[in-house]
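Visitor: Listed below are the residues making up each chain.
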Amino acid sequence: MNNNIYRVGTANMYENTLRNLGTRQTNLSNLQENLTSGKRVVRASDDPVSAAQAERALNRLARIQTEQRALETQRNAIAQAESSLGDAVGLVQEARQLLVSAGNAALSSSERATISNQLQSLRDQLTAVANRTDTNGLPLLGALGSAQSPFLGPLGSTPDYLFAGQPGQAASNGVAIPNTLDGDAAFMFDATRDGSFHAAITQGTGTVIAPGATTASVPAGAQPNRALTTSPITVTPGFVFNEDPATGQAYSYSVSFSNVTLNPATNTLSATYNITSTDPAFVPPAAQTLTPIKIGEKNEFSINGVPGMAFKITATPTKAVDGTITLSPADGDTIGIAPNASLFSVIDKAVNELRAAPNSSLASQAAGQALANVDKGLERMGNIRSFAGELLNRADRITGDQSKRSIQLEADRSRAEDLDMIKGISDFQNQQVGYEAALKSYSMVQKLSLFNFIG
Amino acid sequence: MSLLNVGARALLANQVALQTAGHNIANVNTTGYSRQTVVLQTVQGQFTGGGYIGQGVDVQTILRNQNELLTRQAAQAGSVQASDSVRAERLRQLQEIFSGGTEGLGASINDMMNALSDVVNSPTDITARNVVLTRMDETAARMRSSAERLNEIQYTVTEQLQSSITAVNSLATQIAAVNEQIARAKGNGQSPNDLLDQRDQLIRDLNQYVQVTQIPADDGTVGLFVAGSQPLVLGNAATELSIGDASAFPGSGQLKLFFNRPGVPPSELDENMLGGGSVSGLLRFNNTDLAEGRNLLGRLAMGIGMNMNAQQQLGLTLDGQVGKPLFSLPASMPGSTNGAGVGNVTFTDATQFAASDYEIRFTTGTAGQVVRLSDGQATAFTSAANLATLEIDGLQFNLTTAGVPGERMLFKPFSTAAANIESLVYSPRDLAAANPINAAMGTANGGTLQLGSLKATGEPNPPGLVLPPNANPALVPPALGGVQLTFNAGPPTTYDVLNRASPATTLLTAQPYVPGAPISINGWEITLRGSPNTGDTVVIGNALDPQYGDAYTRNAGNATALLGLRDVKMFDESTLSDGYASAIAQVGTRTQSALFSAKLSDTLASNLERDRTAVSGVNLDEEAARLIQYQQAYQASAKMIQIAQNIFDSLIQGLGR
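As given, the protein sequences belong to chains A and B, one line each in that order.
Heads up: the first sequence begins at 1 in the numbering used here, then just goes up one per residue.
Heads up: the second sequence begins at 1001 in the numbering used here, then just goes up one per residue.
Note that these hints are calculated values from the structure, not bench results.
The beta carbon of each residue, even a glycine, is placed where N, CA and C say it ideally should be.
It cannot be assumed that every hint is accurate.
To be verified - For the chain A half of the interface with chain B, some residues (derived, Cβ under 10 angstroms), not all of them:
hint	residue
1	R43
2	A77
3	A79
4	G142
5	G156
6	T158
7	D160
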């Protein structure tokens, strides 16, 4: 039995050397695979935690690309919406200029008809602009959801224009902006929010006081031109108007004048007016009197009793040479106050009233009312337009943030799985030298044997 | 005369020594060969008046140099190395299925989810919907093909096990035969070196397949025992091993090693007692590693599929129909057992799944424990009714027939989900991109409320999603429909919820309002931003209410909700988009640790082998030295004979005339 501990079996010696050579060769080829693929982590078992980190970084990069693509679509939609609003503002400003010129008392009715035709065409263009869609067929001003053409009208019923959709604005978040604007906020009016009312004067028949009489009577010939206009209606801020559940609009009011009498002593007129409303909850106040109405002068009176609204009338009764007094206001004159459903309604009402105005007083009434409400509409459109501009700025900021994040994620991914080329090449060369040394020593040791020296 | 004898004896002895050295040199590269040395013994001296005169040398025996302890240790280390290396190799194959990068299954899942973003931006675009559905089909196909590859690996593992067992049985038979020969040869008085070498080599080969304990018997045979106590070879009798389905869980795919004693039913061997050997490594791979891989893949399929199905079924298609499921998934999976109990498992909460198999262990016929096999966590239950109320990791276990005490039932809830997942929706119009509800701000709103998000969640379920009532303008007063939130600026800012049916009912009052926090009512959820004025309202209506017309066709709220599933945590704190990355890490860690242990056991085995051959291996230089030594002795002995002859010649010459 052998107790020598310094013995080694020849076959085992060769086997061990072969095993070491095999190990070195495998390491060399693994390093080569790393170098050619550029990755330190080729398989998950090389470094499971880094493999998972690299995978997660790839996921997030793909997601940022998706979000950016969506942002481009949204940005296009908002840019188109903003330019549509720009077009709309241009159209409304042209309409405004026409309305200003329509208030000129020297125009004839055929000239007013021409203006009203131009206004009509502007209003048609405005409706088309408001109903524009983007490249995917979605309405640009569709708010939170709408029909294919969100602005319906002119309709025969009340209200005459409808926003067929859900009003409201979608919010932006850190990676996206909305792709529609709130069209209801841009073009539609709400009585409580905007206080847009239209006062239309219907002329009565008892418009003269014959010489010597004290009460009104119907003139023998044609109706005279009378100067009775109202100021734009101002609404008490914060006042909540009752809404008609059938139409969704505020109720309308009417102020009717009656009992116009002449006081021969002071040579002034007095008139009474009553206020009624379609609101079943409205309690009509008692009849109120306007006095004194000086003949031949411009008189201004405030009309009280219409809840939430205040306006003045300007009345100029005249006395003819023969003593006939043309009344203003006259018996049967009614001021009808109705809410405007939308900016389109305002222009439509102006078109209709200008075309039908028998005299310049009514024409200037129509133009004055329309101008005040058009200004309200322009303010709202301007608000929404600047909101759209802010959204576009936000999209730019989001793009900047996302590209910074992309760069960071790419750096994370690279750190997790890419090979440091310098280190990789130096490791590879070390392994190469080691492998060469092992091969050389194998061939040299193999030559040494006692058998070489025996006989 | 005696000198001639001494010389002749010496010559013969040295000749034997030379032949033995030559035998060693010839067998230098034979595996399992133990070197033999000649043991010389001096012949007893003859008694004479002048003392005991030596009679020369004799060969006592040819000694086989080997260390019992080192041989046994080397065989065992080789066994452990075989087990670790086969498991590491198979795990490397398994890892290939879970590969990452831009062509991996994870990238495919994320592409499918990200494609929904195009649908969100253009809900009426049929092309975008088509892309989403195509990608869903592709993801399902890739899951199926990954599951197919898993099945292939299992098939090859089973085949390898079968052929290994065949080899084990044949080796056992051969060892038994050699045992008999050795027992017979023992009677001759000398040890049969070559037979012993042959038997040691066979035992070493057997250890590569399955680790055996060696107990030598008195008659020279060696008994081999498997799993500590089962006699594989006793004397000249060998017993057969076989591979079969686990007897406790028939049909579950778990494999076990069986010991087939003749005349007795096969006894199942616990694989934890097997120790090393490639059979043990393969069994461990099949029963644990492969099962984990299948569970990870299956959980991915179930989690993604169930969540997407649930969201799709809340939304509206382009035709105004409620969405149909996107993926086909199993509704329940049966439990396998060999006892009387019958049960199945159903899937309830798709965000709570754990990638594990489950076992029900009965303590009595109706009560017991549900054990999660991945980490041993146990949940007790007292009866089948009690069990049906428990939700364990998003699963519900139903026992339709009671079991017997001590019975075990194995459930593999995720084993077939990935192999059978199919995409069910092909028509782009059937993708339910639209929300079943819509929101409208009041036109009189003066605050800065904006809509952050609106989606149907269906939680809590029951009752699930309850749609707001439709408007009914025919009634007096007309019912406005929808659910209205009215805000009060405060501070603190609160809101009330009114259900505007006819008659209207109040659902909630004075709820605190936090911008950006989701408000969850009746199975839908709304998020608002900005601050309201007192009296501001938001109305949530039924999208199919006729008053809204076809506005739902241009709505992509449900597609946004599907997109939002990317960030839902459903795989142990990983979100949907990161689920695959964590599966890669899990399989990779397993593979890495298997590779490390394979390397370690490889080093140990080669060290022990070197130690063994240090005793019993042939060293050519040593044999060359011995050749010279014995050649010299032979020459000296031959010279001795020559001298003896000379003496005889001189004697004869001196006596003759």
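Visitor: Now tell me, hint by hint, if it's right for this structure.
Guide: Results for each hint:
1. Hint on A/R43 holds. Least Cβ distance to chain B is approximately 6 angstroms, under the 10 angstroms limit.
2. A least Cβ separation of about 8 angstroms between A/A77 and chain B falls short of the 10 angstroms threshold, and the interface hint therefore holds.
3. For A/A79, the shortest C-beta to C-beta distance to chain B is roughly 14 angstroms, which exceeds 10 angstroms, and the interface hint is violated.
4. Hint status for A/G142 relative to chain B: holds, with the closest Cβ pair at about 7 angstroms, below 10 angstroms.
5. Given hint, A/G156 at the interface with chain B, is violated; its Cβ is 18 angstroms from that chain's nearest Cβ, farther than 10 angstroms.
6. The beta carbon of A/T158 is not positioned within 10 angstroms of any beta carbon in chain B (closest approach about 15 angstroms), and the interface hint is therefore violated.
7. At its closest, the beta carbon of A/D160 sits 16 angstroms from a beta carbon of chain B; the interface hint therefore is violated under the 10 angstroms criterion.
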